[in-house]
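One letter stands for each residue in the lines below.
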Amino acid sequence: MSGAAKRVATSSVNWSKLAERLVPEHAAELIRVKGVSGTFQSTVSQFPADLPKIDFAALKKALPAHSAVLDSLQKQYEAVKIPYGEVPAEYTKEIDQWVEYNNARIKLHDLKVADGLQEAKKVEEKWSKAPPVEHFDRQHFVEYFPAHFYDLRYQNRIPDPCNVGLNETPEIENRFKDYKVLRRADKVDDH
Amino acid sequence: MSLSRCLPLGQTARVVVIPARFAHAAAGQAVASGDAPNFFQKLAARFQGVPIKGEATAPKSMFDDCNKEWSAPEPLPAIPKDFKEHPDRDLVNYPYPARPMYAPKTRLFMVPDSWFLPFQKVTGVSGPYLFFGGLFAFLVNKELWVFEEQGHMTVGWILFYLLVSRTVGYKIDNSLYQGYQERVNYFKGLIQEDLKDAVEFKKTSAAQTESLVAIKEAFPTALKESMALQLEATYRQNVQSVATELKKRVDYLKETEETKARFEKEQLLKLINSSVEKQLNDRSFKDQYLQNAIQQLKGLNVQL
Chain A
1 MSGAAKRVAT SSVNWSKLAE RLVPEHAAEL IRVKGVSGTF QSTVSQFPAD LPKIDFAALK
61 KALPAHSAVL DSLQKQYEAV KIPYGEVPAE YTKEIDQWVE YNNARIKLHD LKVADGLQEA
121 KKVEEKWSKA PPVEHFDRQH FVEYFPAHFY DLRYQNRIPD PCNVGLNETP EIENRFKDYK
181 VLRRADKVDD H
Chain B
1 MSLSRCLPLG QTARVVVIPA RFAHAAAGQA VASGDAPNFF QKLAARFQGV PIKGEATAPK
61 SMFDDCNKEW SAPEPLPAIP KDFKEHPDRD LVNYPYPARP MYAPKTRLFM VPDSWFLPFQ
121 KVTGVSGPYL FFGGLFAFLV NKELWVFEEQ GHMTVGWILF YLLVSRTVGY KIDNSLYQGY
181 QERVNYFKGL IQEDLKDAVE FKKTSAAQTE SLVAIKEAFP TALKESMALQ LEATYRQNVQ
241 SVATELKKRV DYLKETEETK ARFEKEQLLK LINSSVEKQL NDRSFKDQYL QNAIQQLKGL
301 NVQL
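Protein sequences appear in the order of chains A and B. The numbers in the working numbering rise by one with no breaks, and the one at position 22 of the first sequence is 22. The numbers in the working numbering rise by one with no breaks, and the one at position 222 of the second sequence is 222.
Everything labelled a hint here was simulated from the structure, so no lab data went into it. In this text, a Cβ means the ideal position worked out from N, Cα and C, and glycines have one as well. Treat each hint with caution, since some may be false.
[Unchecked claim] Quick list of simulated restraints, FRET-style, between CB atoms: (1) A:A57 - B:Q288: 38 to 48 Å; (2) B:F201 - A:R32: 26 to 36 Å; (3) B:E245 - A:R7: 20 to 30 Å; (4) A:R153 - B:Y161: 35 to 45 Å; (5) A:K129 - B:Y161: 20 to 30 Å; (6) B:K248 - A:R105: 48 to 58 Å.
[As the list claims (entries may be wrong)] For lysine-lysine, the following DSSO-like pairs were computed, each having C-alpha atoms within a straight-line distance of at most 27 Å: (7) A:K121 - B:K196; (8) B:K216 - A:K34; (9) B:K60 - B:K171.
[To be verified] Output of the computed footprint for chain B on chain A, the stretches with three or more beta carbons under 8 Å from beta carbons of chain B: (10) 7-17; (11) 49-60; (12) 90-103.
Only chain A is shown next, with the shape it has when bound in the complex (with noise of 0.2 Å):
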């Protein structure tokens, strides 16, 4: 009755667990996959497994007239054959490239991470570097918060304490470059 290939009534895959185990990037496919299982799952739950004994010596003797027809019945329904078929290799071929391109997106993902790790780890040795905020010495805030101070020792810009915003446009710097240089242009320093 039953082909070579090994019949699978249930899936064994844990679906829940599964669930549980993805982010939501990969729930998509998930909810593909398992979607088509659950389409099959219930057409086999659906139906019998095997063909259904039937006891043709009682019905003889209910249907004598027919005993002819029951007996031709019989032989048929015994010698029927249910062709159960194979999963084409093609498909199975499919599954092994999809595990491939798995297997590539993992490796890229790894590399993406192993960069991650490294950038995470850079940041997580300054601060663990850094001395306690209490103690920080007015050079550490420059080095460490350069976004909030500046030192004007070695950054070129003017000093704004009032945070105007004078830094943001060259024009100042620009107009103050040369001290010789006149808010007017044509007014002569000839005295």
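Here the structure of chain A is known, so what remains is to put chain B in place on it, guided by the hints.
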């Protein structure tokens, strides 16, 4: 304005004036008696910091923090022992200048304690006082230290400092410490923000790795099983159709048998009915029936 205008009293009334210095004693007696507290009792309760009758807690007084010494709720975090800004730093000769929580100790409000200690080892506790006092007296005597004409104002300033520090010193210290804490927390927040990305990346990347591993483990099996299930489903559909077909044939046979039996029964009934009806319609049968009936009536012995 005389008191009599504020407090109009009749001739029979008795005025008892309680001096303020006895008010607390008077209040104690009255509160103990359980009556509603009067003005002076209330006043005394306020000074004692005791809640008045009907109050759950005494209201916070502006004098609560007077003459209180402020201290930080928690010390500053210690600098890690091996902390170095640069590997070349000489920690033995140039240790990192850690910020002290409190100002260094002083004596006589302003003289650093460290000046006294070396003297103290040799001359005892009073030695440094005698030395500095003597030195000051010598400088004043020889007019090396000349008092300026407004110099006596220093005494006033010292008194003013004492007054302020003893009254609102605690509050000032407290608010300054709070401001300092806010500033420190702001910078700590900046650090946390910087670290948050790193931590989040670690967390999400770990989850993604776990997810990919789960996919790698489960999906090939799931896909293979899905195809196997498809085969099984088709097989079962075929089984079902064979079973249905056989059932149809057997049912047909059963039905023909039943129909045959039913038809025979109907025919038999029809035959019986028609023969009975035929006999009923016969004249001689009717006459015989009537004769029988009359005979039976005659035979009845009716007594009136």
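We went through each hint and held it up to the structure:
Separation of A57 of chain A from Q288 of chain B is about 56 Å and departs from the stated range, judged on CB atoms against 38 to 48 Å. Restraint check, F201 of chain B to R32 of chain A: a C-beta distance of roughly 28 Å satisfies the suggested window 26 to 36 Å. Remark: the range hint 20 to 30 Å for E245 of chain B to R7 of chain A is upheld by a beta-carbon distance near 23 Å. Checked against the given bound of 35 to 45 Å, the beta carbons of R153 of chain A and Y161 of chain B, roughly 37 Å apart, stay inside it.
Our hint of 20 to 30 Å for K129 of chain A and Y161 of chain B is violated, since their Cβ atoms are close to 43 Å apart. Our hint of 48 to 58 Å for K248 of chain B and R105 of chain A holds, since their Cβ atoms are close to 53 Å apart. At most 27 Å may separate the alpha-carbon atoms for a hinted pair to count; K121 of chain A and K196 of chain B meet this at roughly 12 Å. Annotation: proposed proximity of K216 of chain B to K34 of chain A holds, straight-line Cα distance about 15 Å (limit 27 Å).
Annotation: proposed proximity of K60 of chain B to K171 of chain B holds, straight-line Cα distance about 14 Å (limit 27 Å). Check result for the region 7-17 of chain A against chain B: holds, 6 residues qualifying (beta carbon to beta carbon below 8 Å, three or more required). Restraint check on the region 49-60 of chain A versus chain B: 6 residues with Cβ-Cβ distances below 8 Å, three needed, restraint holds. Proximity of the region 90-103 of chain A to chain B, defined as three or more residues with a beta carbon under 8 Å from a beta carbon of that chain, is established by the 7 residues found.
Hints 1, 5 from the earlier list are contradicted by this structure; the remaining hints agree with it.
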